[in-house]
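Undergrad: Okay, here's what each chain looks like letter by letter:
2 protein chains.
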Amino acid sequence: MTENLENQSQDNLEASLAQVQSLLAKMRLVEELVHKQGGPRQALVENLVHKQNLSELQRKLEELHPADVAYILEALPLDERRLVWGQVKAECDGEILLEVSDSVRESLIQMMDKAELLAAAESLDTDEIADIAADLPHDVIQDLLTSLDAQKRAHLQSALAYPEDTVGALMDFEMVTIRVDVTLEVALRYLRRLGELPDQLDKLFVVGRDDRIIGVLPLKRLLTTDPEVSVAAVMVEDFVKFHPEDEAQEAAQAFERYDLVMAPVVDAQGRLIGRLTVDAVLDYIRESADADMLSMAGLKEEEDLFSSVWRSAKNRWMWLAVNLATAFIASRVIGAFEGSIEKLAALAALMPIIAGIGGNTGNQTIALIVRGLALGQITQANARRLVLKELGVALFNGLLWGSVVGVFAWLLYDNLALGGVMALAMLLNLIVAALAGIFIPMTLERMKRDPAVGSSVLLTFTTDSMGFFIFLGLATVLLL
Amino acid sequence: MTENLENQSQDNLEASLAQVQSLLAKMRLVEELVHKQGGPRQALVENLVHKQNLSELQRKLEELHPADVAYILEALPLDERRLVWGQVKAECDGEILLEVSDSVRESLIQMMDKAELLAAAESLDTDEIADIAADLPHDVIQDLLTSLDAQKRAHLQSALAYPEDTVGALMDFEMVTIRVDVTLEVALRYLRRLGELPDQLDKLFVVGRDDRIIGVLPLKRLLTTDPEVSVAAVMVEDFVKFHPEDEAQEAAQAFERYDLVMAPVVDAQGRLIGRLTVDAVLDYIRESADADMLSMAGLKEEEDLFSSVWRSAKNRWMWLAVNLATAFIASRVIGAFEGSIEKLAALAALMPIIAGIGGNTGNQTIALIVRGLALGQITQANARRLVLKELGVALFNGLLWGSVVGVFAWLLYDNLALGGVMALAMLLNLIVAALAGIFIPMTLERMKRDPAVGSSVLLTFTTDSMGFFIFLGLATVLLL
Chain A
1 MTENLENQSQ DNLEASLAQV QSLLAKMRLV EELVHKQGGP RQALVENLVH KQNLSELQRK
61 LEELHPADVA YILEALPLDE RRLVWGQVKA ECDGEILLEV SDSVRESLIQ MMDKAELLAA
121 AESLDTDEIA DIAADLPHDV IQDLLTSLDA QKRAHLQSAL AYPEDTVGAL MDFEMVTIRV
181 DVTLEVALRY LRRLGELPDQ LDKLFVVGRD DRIIGVLPLK RLLTTDPEVS VAAVMVEDFV
241 KFHPEDEAQE AAQAFERYDL VMAPVVDAQG RLIGRLTVDA VLDYIRESAD ADMLSMAGLK
301 EEEDLFSSVW RSAKNRWMWL AVNLATAFIA SRVIGAFEGS IEKLAALAAL MPIIAGIGGN
361 TGNQTIALIV RGLALGQITQ ANARRLVLKE LGVALFNGLL WGSVVGVFAW LLYDNLALGG
421 VMALAMLLNL IVAALAGIFI PMTLERMKRD PAVGSSVLLT FTTDSMGFFI FLGLATVLLL
Chain B
1 MTENLENQSQ DNLEASLAQV QSLLAKMRLV EELVHKQGGP RQALVENLVH KQNLSELQRK
61 LEELHPADVA YILEALPLDE RRLVWGQVKA ECDGEILLEV SDSVRESLIQ MMDKAELLAA
121 AESLDTDEIA DIAADLPHDV IQDLLTSLDA QKRAHLQSAL AYPEDTVGAL MDFEMVTIRV
181 DVTLEVALRY LRRLGELPDQ LDKLFVVGRD DRIIGVLPLK RLLTTDPEVS VAAVMVEDFV
241 KFHPEDEAQE AAQAFERYDL VMAPVVDAQG RLIGRLTVDA VLDYIRESAD ADMLSMAGLK
301 EEEDLFSSVW RSAKNRWMWL AVNLATAFIA SRVIGAFEGS IEKLAALAAL MPIIAGIGGN
361 TGNQTIALIV RGLALGQITQ ANARRLVLKE LGVALFNGLL WGSVVGVFAW LLYDNLALGG
421 VMALAMLLNL IVAALAGIFI PMTLERMKRD PAVGSSVLLT FTTDSMGFFI FLGLATVLLL
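Residue numbers (UniProt numbering), protein chains in the order written: chain A, 1 to 480; chain B, 1 to 480.
Since the hints were made in silico from the structure, they are not lab data.
Among the hints, a few may not be true.
If several chains are the same, the list does not tell them apart, and a pair holds so long as it fits within one copy or across any two.
With a Cα cut of at most 20 Å, we get these calculated SDA-like pairs of lysine to any residue [claimed, not checked]:
#, residue 1, residue 2
1, 241, 199
2, 343, 332
3, 241, 65
4, 343, 476
5, 314, 301
6, 314, 392
7, 241, 12
8, 448, 11
9, 300, 400
As the structure is a computational prediction, the values presented were derived from the model and not from experiment.
Working from the sequences, and respecting the hints, build out all of it.
TA: Right under this line is the structure:
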């Protein structure tokens, strides 16, 4: 696949999208005209023009790589997506389903009947079927399993058996193995007989008896070494391998650290099961970075840009409900000081500053800690140093910016004591923010929760409630 | 490099870090003991033990891959980092400097003198020198340029000439070219004569006269085709290529879409300049995802976990100042309604709910839009549909959650009108949030600014100020 494609730069791609969009707009226009004017003559013209447009659309789609069709489908609202999807050649359906995002895949699968789905799935490799299996109807999977031969069925079942974020879910089965006791000459002849090699193959797996992998033979060694030499003499015995139950996240880090293109996946006995390639790792890294960003912003899962209002709303509720609950509590903290606010309404105007800046600085700390935790760089041994450093930054910023807001409040309300309370509250809330910014993600991590997801809500809740409490409490005690 | 390494899983890596940390703790302990007890005898013992510990540390570090030493250095506070860095073998310095993050690299370079820096840089390839050049002192770069031979100097200068986020800054120069008019047999002999091939090489570049690239020959075709055949007959003429001024971001998307391992980089005339490999792309994707996350949280640049308080504080100021300014303005909006708040202090307790939920829902919209913009999926043609959908979600959520908060306020304060104002304000602020969530990132994008960075501050500013204004304004008009 890598080699047979048009050279699509991003600009070309956006141009293709624009072409498809303008074709669709033309089609809509013709339709509207006929609906307005009616009459059999118009209907006939419309029909002709419509057919012309459709075949132009088909031609355009045929020129494109499946990944590019996927890109265009992602950018279309549901009705237009349905129209375009209907014009895609059936033999490309599988590839395209593989390339689109989960949420868009769901929408496409809903537009297909069982026979189409079966045909699409059958055009894919077993590891690829496994990637989209979660979105396929149960009976399609059943039919697929019966239609596959024994080896492929076993592959599919094993790929389906591993949970999402593991190496097992990312691996494929397209590998080339050779025996350790042959010469390079024999290996070269074997490859020529195979006729075609899988993509992203940069090494052969060298196996002994029992399918146990005992080394790897990089293609570049095969190409640069005298063919008379034996595989055993040039193979590399110290190589990176993974187990199917390894975390995908850690495998991705190994690919980055050691600049891998592919690596074998083996079972506990060292027997070869499959391989992990850098393109699967790249897709995984991109998808999990996207998912992190979306979940940090409070979306339950990846959301189709053009999903229905109802689906979108559901995707955002959980987070909204949590935020509402924490906002209620913070509101009750303020409620406890309503007496003070009645006497000095300036407190109401100033309190959001204290709470807001606390939230902002705390989130800065969280971003650093979450990243350090993801890279495994925060340990018992250095946590104390981190706390001291963040407290130092909080003290420093608290004194500096606390003075700024203090002077602001003093000048604005001509009330020196109010300015003092403001400055002190700012300092204290920044210290709360620093501590919360470290301990919340570290506690989530220790509870085996994803620190990237919940940290920010919990922190904002803490800095809001504590900010209001500290400021209004100090004001009540010192000013009133 | 890929092949000669220990099989370091994440667990092993964390174990190595723990070993180094416990060694360092032991060394600190011995030092403290001697300082307390004094005396020449103790000093002698200390000296011996210290030397033993140091050599154990050296042994441990020698076992590790440079990428793993880099990982350990990142996780150490400055004083310990200095100690460990001093024990690393000089010939690994360059590789390690390449692997650490920008901020940690700065700290390491500050610990080295000019001669060490020169030696470290000279151990690297020219494209690698270019990667760390931004952190090297100016005179070291000058000395390097004079010490390199003409071709390498030209490479370094051209790599230095391209701005950070372009293909030119990521490319390297390790490629293998063959002439179009030879047979595969000749190509195979040529490779054998070369003796060694660069990492991540999955194809040869086929050039005609003038160094113009006219095709690529995938190694897998070279391996599976009859050697008598000519290069011209099996080369692929339709291949992905890049220009050095292309955006790195777009090249990364092409690598993902087309599952590339490497691709040629050519000038405007189609002459070969260098190549882009998937490991450079992988590092780029990870770094830019990290940078996005940190800058969304308001850190100016990547921050060393253990940088000094002063440097950290500076890194966080700009954002803090911006937030403070917007918080002041929001505070003045409340200030304008102090009269209303004096009469009904409940308003002060309830207003943060309206502002906060507006900010949360707006940030959900922003996350989707920023992602869509990054993928180039939001266009003039579909923007209107997006606005309608987001307004639909806002209306839906506004009616639902507006009713919830309305009932809450009504029951809490036994004031039906207050509940009504609360519900209406919530609905209106969610509509404001949806519109701001779309238009702020789209406007930043049109102004050629990064929509990921500033959007969230501007949005929170909008939803806070408008939230306070809508709620307090409605309350003043309808309740008082």
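Undergrad: Is it within, between, both or neither when you check residue 343 against residue 476 at 20 Å Cα-Cα?
TA: both (10 Å within a copy, 18 Å between copies)
Undergrad: As a check of your reading, is residue 241 near residue 199 (CA-CA no more than 20 Å) within one copy, between copies, both or neither?
TA: both (19 Å within a copy, 18 Å between copies)
Undergrad: Reference check for the pair residue 241 and residue 12, CA-CA at most 20 Å: within, between, both, or neither?
TA: Between copies, since 13 Å is at most 20 Å while 39 Å is not.
Undergrad: Please sort residue 448 with residue 11 into within, between, both or neither, judging by C-alpha distance up to 20 Å.
TA: between (43 Å within a copy, 16 Å between copies)
Undergrad: Using 20 Å as the alpha carbon limit, work out where residue 241 and residue 65 are close: within a copy, between copies, both or neither.
TA: Classified as between; 16 Å across copies, 32 Å inside a copy.
Undergrad: How would you label the pair residue 314, residue 392 (within, between, both, or neither) given a Cα cut-off of 20 Å?
TA: between (42 Å within a copy, 13 Å between copies)
Undergrad: Up to 20 Å between alpha-carbons, please classify residue 343 paired with residue 332: within, between, both or neither.
TA: both (18 Å within a copy, 18 Å between copies)
Undergrad: If the cut is 20 Å between Cα atoms, do residue 300 and residue 400 qualify within a copy, between copies, both or neither?
TA: between (38 Å within a copy, 19 Å between copies)
Undergrad: Under a CA distance limit of 20 Å, which applies to residue 314 and residue 301: within one copy, between copies, both, or neither?
TA: For residue 314 and residue 301, the Cα distance is within 20 Å only inside one copy (10 Å; across copies 35 Å).
Of the numbered hints stated above, none is contradicted by the structure.
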